[in-house]
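**Student:** Single-letter residue listing:
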Amino acid sequence: VGNSLGAQPKGIRTHLDAHLETWASIGVNGHFTSFEDSPLAAWQDMAADCAQQSLDLVGAASPSEVIYMNTLTVNLHLMMASFYRPTEKRHKIIAEWKPFPSDSVSPLQDSTIVPVLTLPSLSTQSPPNCNGTVFPHPPHSSKSTQTTPRQ
Amino acid sequence: MTISTDHILSIIDEHADSTALLLLPGIQYYTGQLFDIPRITAHARARGITVGWDLAHAVGNVELSLHDWDVDFAVWCTYKYLNAGPGAIAGVFVHERHHHPNPNPVKDELGLGYKHRLAGWYGADKAVRFNMEKEFRPAEGAHGWQVSNPSAVDLACVRAALGVFRRTSMKELRDKAVVLTGYLEWLLNGLLQESVGTGEKGEPAFRILTPANPLERGSQLSLLLRGGLLGRVSEKLAEGGVVVDVRKPDVIRVAPVSMYCRFEDVWGFVEVLKKALEEE
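Chains as they are written, first to last, in our numbering: chain A, 106 to 256; chain B, 3 to 282.
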């Protein structure tokens with residue numbers, strides 16, 4: 106079930122062992138040192154190394170376009186703080202109206218954690234001819250008509 | 003059940019003047035629908051809308067060209083199709099055009115003209131990270147969005163998982179996945195044609211929610227079972243050694259992952275499902 110939790114790669118164990126070996130043998134110097142026989146970069150370069158390995162995966166032009174950090178919802182919050190910059194005229198977010206909780210909660214909470222942001226008025230898209238079994242809630246059309254961002 | 007690209011584009015047109023951001027999943031987790039990311043992105047960006055994608059169900063599952071598609075940002079987790087383990091550290095994409103400081107900084111940007119962010123010390127350029135300077139000078143690109151230092155154990159798992167992908171390519175994985183999921187669909191449609199598990203009033207045992215067009219889906223097919231079947235079917239699948247994901251009330255999500263599932267596994271699943279439905 107890759108759609109929930111993927112199978113464990115055999116290499117996980119060897120990579121973790123390599124990390125533990127670095128830590129046990131050279132301690133704090135692991136931040137800056139990588140062993141020739143280790144599959145891992147120095148600790149401070151590991152995230153950049155993972156970015157380098159991800160170019161084909163996401164179609165990035167360079168490793169600087171990719172970073173590994175935190176977990177999904179935290180990253181969504183961080184990105185929203187940067188990329189959702191509402192103005193009086195443009196303030197809506199076009200989003201799925203019944204998304205997975207990690208997506209639906211974030212925009213709303215963003216407005217509370219970043220006080221400069223106004224409450225977003227979600228322009229919610231509803232699937233046409235939706236079947237009640239799958240999408241049991243009506244689209245919140247009132248939200249999409251909200252025009253003035255509240256402070 | 004699924005959402006057409008034209009419908010999404012019409013929503014964009016309708017709200018174009020008042021929309022700041024478009025944020026959608028690359029693949030919808032419930033129906034398994036793969037959205038037309040390049041077309042939707044281009045349409046929204048042409049109307050001045052910032053575009054972000056949640057690729058939790060898409061990365062490692064379908065081919066992506068985030069840079070060429072001009073996507074502003076994307077986020078994904080690494081424990082589904084990337085296999086880095088439960089709660090593993092996650093990924094972020096920030097397009098190159100947001101990497102460089104604005105030569106004429108405006109109020110909404112960091113002091114040096116870089117894009118506004120929740121900045122933390124670890125996002126500072128490696129050369130000056132330990133200088134404890136007052137002014138925040140971010141590391142290049144997406145790396146400048148780091149807030150604090152990541153766990154080396156977490157990164158070791160991601161590195162191991164990515165290493166497997168480096169031994170093949172997304173094109174090869176996707177090529178096999180299209181056929182593998184197509185085979186699953188063909189077998190499932192066979193069950194429906196044979197009326198396996200059909201109800202007393204002729205209601206079919208299940209319906210496939212996922213689009214039939216391989217270009218509009220990844221590995222996953224979502225089956226909406228006839229009401230009341232789920233408990234027994236999931237019990238029988240577990241007994242038969244099949245691991246699928248169950249979404250109550252009535253949906254099972256079946257994802258034959260091309261990296262480690264064989265055609266024989268797909269056949270075995272359908273045999274177990276058939277038995278479970280026949281016993282009803």
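Calculated from the structure, these hints are not laboratory results. A virtual CB, placed ideally from N, CA and C, is assigned to each residue, including glycine. Honestly, I wouldn't trust all of these hints.
Claimed, not checked - Just a few of them, taken from the derived set where beta-carbon distance is under 7 angstroms, the chain A residues facing chain B:
1) P114
2) H120
3) A129
4) S130
5) F137
6) F140
7) A166
8) V171
9) Y173
10) T176
11) L183
12) F188
13) E193
14) R195
15) I199
Said to hold, decoys possible - Here are the simulated lysine to aspartate or glutamate pairs, EDC-like style, with alpha carbons at most 16 angstroms apart:
16) B:K238 with B:E218
17) B:K128 with A:D161
18) B:K128 with B:E111
19) A:K194 with B:E280
20) B:K109 with B:E135
21) B:K128 with A:D154
22) B:K178 with B:E266
23) B:K276 with B:E142
24) A:K194 with B:E196
25) B:K250 with B:E266
26) B:K276 with B:E218
27) B:K276 with B:D177
28) B:K173 with A:D161
29) B:K238 with B:E280
30) B:K277 with B:D177
**Student:** Could you tell me which of the numbered hints above are not met by this structure, giving the numbers in increasing order?
**Tutor:** Violated hints (numbers, rising): 3, 4, 5, 6, 13, 16, 17, 18, 19, 20, 23, 24, 25, 26, 27, 30; every other hint is consistent with the structure.
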